[in-house]
Structure formats: C-alpha cells, structure tokens
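Chains B and V are the protein sequences, given in the same order.
FYI, this note's numbering numbers position 94 of the first sequence as 103, with every residue one higher than the one before it.
FYI, this note's numbering numbers position 121 of the second sequence as 189, with every residue one higher than the one before it.
No lab work stands behind these hints, which were simulated from the structure alone.
All figures in this text were calculated on a predicted structure; none of them were measured in a lab.
Don't take each hint at face value.
Claimed, not checked - Within a straight-line C-alpha distance of at most 25 Å, the following computed SDA-like cross-link-like pairs (lysine to any residue) qualify:
hint, chain 1, residue 1, chain 2, residue 2
1, B, 105, V, 680
2, B, 105, V, 686
3, B, 37, V, 685
4, B, 37, V, 582
5, B, 105, V, 660
6, B, 105, V, 669
7, B, 105, V, 645
To be verified - Pulled from the structure, derived: some chain B residues nowhere near chain V, Cβ distances all over 12 Å:
hint, residue
8, 18
9, 31
10, 55
11, 58
12, 74
13, 99
14, 103
15, 104
A virtual CB, placed ideally from N, CA and C, is assigned to each residue, including glycine.
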Amino acid sequence: MISLPLEHIFILASILFMIGFVGVIARKNTLFILMSLEVMLNAVGIAFIGAGSVWQQADGQVMFILILTLAAAEVALGLALLIRLQRRFQSLDIDKLNRLRG
Amino acid sequence: MIGNMDANWNASMSILAWLPFNPLISFFILILLGKRLSWLMASVLSVGAVSLSAVSAVWLVQQLAINDQQVITVQLWQWFSLGNSQVNFTLYLDGLSAVMISVVTGVGALIHLYAAGYMKTDENFCRFMAYMNLFIVAMLLLVLGDNLVLLYLGWEGVGLCSFLLIGFWYQDKNNALAARKAFIVTRIGDTAMAIGLFMLFNSLGEFNINHLTELAAAKWQVGDQQVYWIALLLLGGAVGKSAQLPLQTWLPDAMAGPTPVSALIHAATMVTAGVYLIARMHGLFLLAPEVMTYVAWVGALTLLLAGFAAMAQTDIKRVLAYSTMSQIGYMMLALGAGAWSEGIFHLMTHAFFKALLFLTAGSVILALHHQQNIFKMGGLAKKLPIETSLFAIGLLCLIALPGTSGFYSKEAIIASLWTSATAGPVFWWCAILGALLTSIYSCRLFFLTFLGNARSSSKTEVETEFSAIMRWPLYLLAVLALLGGFFSTMLHQQLATIFASASIETNFAGEFEPHWLHIVAIATPFIGIVFSWFYFADYRQTSRINNDAAFAEKNNRLTSFCLHGLGFDWLYQKLFINPYCFIAKLNRRDVFDQIIMTSRWYVDLWRAALIANQNGNLRWYAASLGIAVIFLLGVALI
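Isolated chain B (complex conformation):
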C-alpha cells in the first residue's frame, strides 16, 4: 500500500475548500450555494480522513462521520427552506432575498 504524503492530502483539501468557497461567494442561486457548502464540508472531511490514515488514528474517521451527519442534517433543513423560498418568492436568487438587509 502506497502511503500518500500528508502535504498532498492537504493541498487537495485546500483546493476543494477554495473551490467550495468561491462557489459560495460567486453563485447567485441559493441551491448552488448550498451545494458549494457541501463541497467545503467534504474538503474538511478529506483532510480529517487523510490525516487519520497517515497518523494511523481512528479519530479522523470519527470526525468525518460527525461531519457527514451534520451535512445531511444541514442539507435536509436547507432544501426544505429552499422549497419554501421558491414557493413564496418564485426565485432563489440570494441577492433578491436580502429583505432583512442584514
């Protein structure tokens, strides 16, 4: 079994994280923002898994399962909200949904 160096894993995780982040700030559609958030969460998950396998620790996998659960809950909630938003405003454009001006 070839062991990957830790740096490579982190570089991959960083790239994925950046892609996700850019998606969050560049996308207008709330659905895509939600998906980009998933990408960012998964980037963190990869970092945990990789670190856990390099250091031969189970903690990384535990953390990943935690993140996965969190992501599932978040997507469930987020999608439900999105459906409500779509019904109510006929739009998912994040810039048009800033009524709270927060």
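Since chain B is already given, all that's left is putting chain V on it; use the hints.
Then chain V, alone, in the frame of chain B:
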C-alpha cells in the same frame, strides 16, 4: 418735623429704587401678552408706567432740592465682585442725574403719550410700546448707575433699543439697513469705551464713579499719558453715541424709525448720553486738558458740518437730525470748554424743543400721509395753524431768539467759550457761525414747509384732525420749550456742588472779553433770519407759479455734497467698507475653515466606506469574511 423728614427720605429711597422698575414691569407685561392686549390697555399700561416714573422723578428732584444732603443712594443688591472691589447694583441720584431723570422721564412720558396716538393703527403697537418702555429703563440705569459697569449696561441697553426701534418697520429693507448701520457705527465707539473702562479698572481697581474720581486725582498728575489715553477712549464712546464727528453718519439714517422714536431716542435722550458720560467723568477729563480741547474740537467741527448738511436736506426729519447733531456739538463744545452746567442745561432745553419739533413734524407727516419731502409740502400754515405755530415755537428756541429757553442755554455756552483755557476765540467764532447756520436752515425749513404754495403733487386731502393725546403733549412741550429758561437758576444750583471743584481757571487777564461779544452773539440769529428772508424769498412767497421744477433745488455739486452729509458716507464706503468687503470676498471660502474641514472630510470618507460595506448582501459578507481570514492567516504565517 425731623421725623417727617426722615419718613420723606425713606420714601424717596424706595421711590428711587422703583424708578427704573416701573417701565420694566410694563415692558415685560407688554412683551409677554403682546397682541392680546387692546390698544387702550397697552397704552394705559405703557404711558402710565412712564408717567409714574416722571411723577416720581419730580418728587425726587424736589426732595433733593429741599434737603441739605445732595445725594440719594439706594443699594439694591451686590452684582459681582472683582478682586477687592465690589460692583453693586446701586442707584445714585445727585444733581446731574436728577436733571437727566427729569428729562428722560418727563419728555419720555409726553412722547409716550404722543406715540400712543401716533402708532394707534400699527398692528405691532404693543411691541413698539414695549421697546419704548425698555428704552426708558435702560436710559434710567445709564444715568442712575453709581458705577461704570451699571452705566455701561444702560449704555448698551439704549443702543439695543435704538437698533430695535430704528428697524421697527423691518419689512422695508432700508429701515433694516439703517438699524444695522446705527448699531455697527455706535458699536465702534462702544468698543473704544469698553477698552477705556478696562484700562481704568486696570490702573485704579475700582468702578465706582466717585471713588474713581478721587483715586484718579490722587494717582495722576494733570497731563499724564495714561489718563490721556483713557479720557480719549471714553471720548470715543461718547462720540459714537452722540453722533459726533468721526462717527456721526448713523444719525441721519436713523430717521428711518417711527417719528416718536426719533424724538425720544435720536433727539431728546439717547444721543445726549455721550454728553452725560463726559460730564459724569469730568474728574478724569480735567486731568487731560488736551482731551478737553479735542472734545471742544469735535463739538465745533460737528456743529459746523451738521449745519452745512442741514442746509441742503430735502427730508424734514433729516433736517432735524442734522440740527440735533449740531446742537449736541454745542453741548460737546461747552463740555470741552469746562462749562459743564451750561452743557447740561443746553441738553435739557434741547430735549424740550427738539422733542417738540420732531413730534410736530410727525403730525405734519401724518397729515400729509407720510410725505416727508419738504419740497412737496408748502403752504401748510393755512391748513395746520396749530402745528405751524408749535413748529415755529420749536424753531425759535432752536435759533435761540431772546426769551426762549434755547437762548438762555446757547448764549451761556457761547459766552463761556472765549476765555476758557481749553477753548478760545476760535471756538467762539465756530459757535457763532454755527448759530448763523442754525437760523438759516431753520428759516429755510419753515418757509418750505409752511409758507408758499402747496406743492404736493398728489391732490390728497390734508388731514387736520388729530386726537387730543397727540395735541396735548405738544402744548406741554411748547410751554416747556418757551419757559425752560426759568429752570436755569435751579439747575445751576443743583449742579454747582458737583462741578464746584471742576471749574477751569479762565485765561489770564490779558485776554479779556471784548465788549462786543454778547452783542454779536445775540444779533447773529437775527442776521440769519434777515438773510434767509431775502435769500429764500422764493420759498415763502405764494405769488410764484406752482411749478415743481422751479422748486427743485439747484442740483449743483455743492448742494449734493451737503445733501449727502459732506461726503462722509462716501469716504467711509471707500476707506473701510469696500476694503473690508473685498477681503471678505477674497476669503469667501475661509482658509481656516478649510483646514478644520479636512478632518470632517476624513471622517466622512470612513463613514462612506463603512456604509458601503453594510449593504445587506450576504455574498458580500461571505467574501469579506474569507478575505479577512486569508489576510489574518497571512499575517500569522508571515
């Protein structure tokens, strides 16, 4: 008997204490209730308050005359203390202030009564009477204050009331401008006076006038540099208030106010405040004989200048304004010559006949529906016989024909000039020339207004009916103007103790008075009358064709020069106002302001940046979060 005297004395003290407060209370009621008061209530209140003060003043003067003690003093409260000296709110009544309060309240009450009739139809009647009352308060404080701070309070108070009343009809821009001019020009004099007061306090540490005079006599020799400057600065204040030579330009414009105001403030009382100040501070002026001579010069030049200017005026009130300036010039001349009580006497008689002249002029103006141009009058003697005779009485006093009050006071002044150490024959000749001018412009005014043809272009009816309250004050003033000379002995008695130590020794015997002095002085007014009888024949004869153009004054250079007050307004415009406006325009954007405003600009910039950040855009927040994290990571790593 002794007990009775004491009771009288206590009564006088409380009456003195109340003297300025009667009109003050009336002022507050009028200004607070304003238009809710009817004409009758407002006039009863305001005229009643001043009349009460007038009656009190008569009582006080009488008490002063029958008592041995020459002074009544009431300390109301302590105002503040400066260092070791206290400045009290103390009213101080001696012979000099007794004369002043009788003039202020007596003439004031008559003018108030007249004003109640004159201003009856004005919609701001209450405001007018309130200001008039406030003026009386300030004037009483001015003449009764026992220290210079209280005097200064009254001094500024009368200036304020003058400003308010000149600009009473502020809807007309010219009136507002005249008010502003009066305020600014007198302020120049007041500033000089304030500096003089500071210097005085700095060197003597005292504001009480009596102590001050004693301390000054003890500290300074005659002709000391310091006392010279102080006296000069005080003269500056007097010159501003009394419309004398360098600062005289405001008085003719002040005629923009209602006529009772011109009579009360700009003829009878306020403008004589400068004369009062110099007479009150005579102890100081005696230590500076050069300044006394300056006072005499100011008076002499002003009376000549005003006499020439009065000769060319076309507005009846402006003629009277210039004549006021010239009469105050006589008072200044008397003070400068050390003839203190003569100056004060002329102040009193002048108050009587000039108030009479102004009020009668007011009636004439009202009768002609606010026509003030004397070239549009003429022939009024038939239509307004009472006003004509009253005006003639006033003018006779002004000309100083023998028997009238003006004769006693003016001749006394002229007689004291020749041998005075601080004046001399030159001043005597100025005064005689002034008297000649006075009689010529008075005749011109009378001929143009009351004799000749009616030249009014509009055929409006001349109102000849006046209510009694506008007639009676005139009768009383006419009696006072004619018989005012009889106050002479009483007044000189009262003033004798005050000015006893203040007489200037006359010049050495070598310069004795020529015997023709008095004859010339008495004959001068007659010469003027005879001269104008022939020179202004056009103006008085009725047979001439009724042609406006014939009466339009020859429009030559000299006449228009005199008409505009001998070019002083023009000179000041070129010398002071234009450069000032130029500098102001140059610095329109205010350099110092700009420097301060850079900080505002900086704050503004940040505010704009922060507002732009707080835009309610979620993606923008996310982006700034990310950028901030990257930035902080960068800082932490590098």
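Hint check results:
With a C-alpha separation of about 18 Å, the suggested pairing of residue 105 (chain B) with residue 680 (chain V) holds against the 25 Å cut-off. For the proposed pair residue 105 (chain B) and residue 686 (chain V), the alpha carbon gap of about 10 Å is at most 25 Å, so the pair holds. Between the alpha carbons of residue 37 (chain B) and residue 685 (chain V) the distance comes to roughly 11 Å, so the proposed pair stays at or under 25 Å and holds. The suggested pairing of residue 37 (chain B) with residue 582 (chain V) is violated, with an alpha-carbon distance near 114 Å, which exceeds 25 Å.
Simply put, residue 105 (chain B) and residue 660 (chain V) have alpha-carbon atoms about 48 Å apart, too far for the 25 Å limit, and the pair is violated. Our distance criterion of 25 Å between C-alpha atoms is broken by residue 105 (chain B) and residue 669 (chain V), whose separation comes to about 34 Å. A distance of roughly 63 Å separates the Cα atoms of residue 105 (chain B) and residue 645 (chain V); the hinted pair therefore is violated under the 25 Å criterion. Every beta carbon of chain V lies more than 12 Å from that of residue 18 (chain B), the smallest distance being close to 19 Å; the non-interface claim holds.
A beta-carbon of chain V comes within 12 Å of the beta-carbon of residue 31 (chain B); the shortest separation is about 9 Å. The beta carbon of residue 55 (chain B) is kept farther than 12 Å from every beta carbon of chain V, the shortest such distance being approximately 19 Å. Residue placement check: residue 58 (chain B) keeps its beta carbon more than 12 Å from all beta carbons of chain V (closest about 23 Å). The beta carbon of residue 74 (chain B) sits about 26 Å from the closest Cβ of chain V, which is more than 12 Å, so the claim that it is off the interface holds.
Once the 12 Å rule is applied to beta carbons, residue 99 (chain B) is consistent with being away from chain V; the minimum gap is 19 Å. Some Cβ of chain V comes within 12 Å of the Cβ of residue 103 (chain B); the nearest lies about 6 Å off, and the non-interface call is violated. At the 12 Å boundary, the C-beta of residue 104 (chain B) falls inside the reach of chain V, the nearest C-beta of that chain being 6 Å off.
Of the hints listed earlier, those the structure fails to meet are numbers 4, 5, 6, 7, 9, 14 and 15, in rising order.
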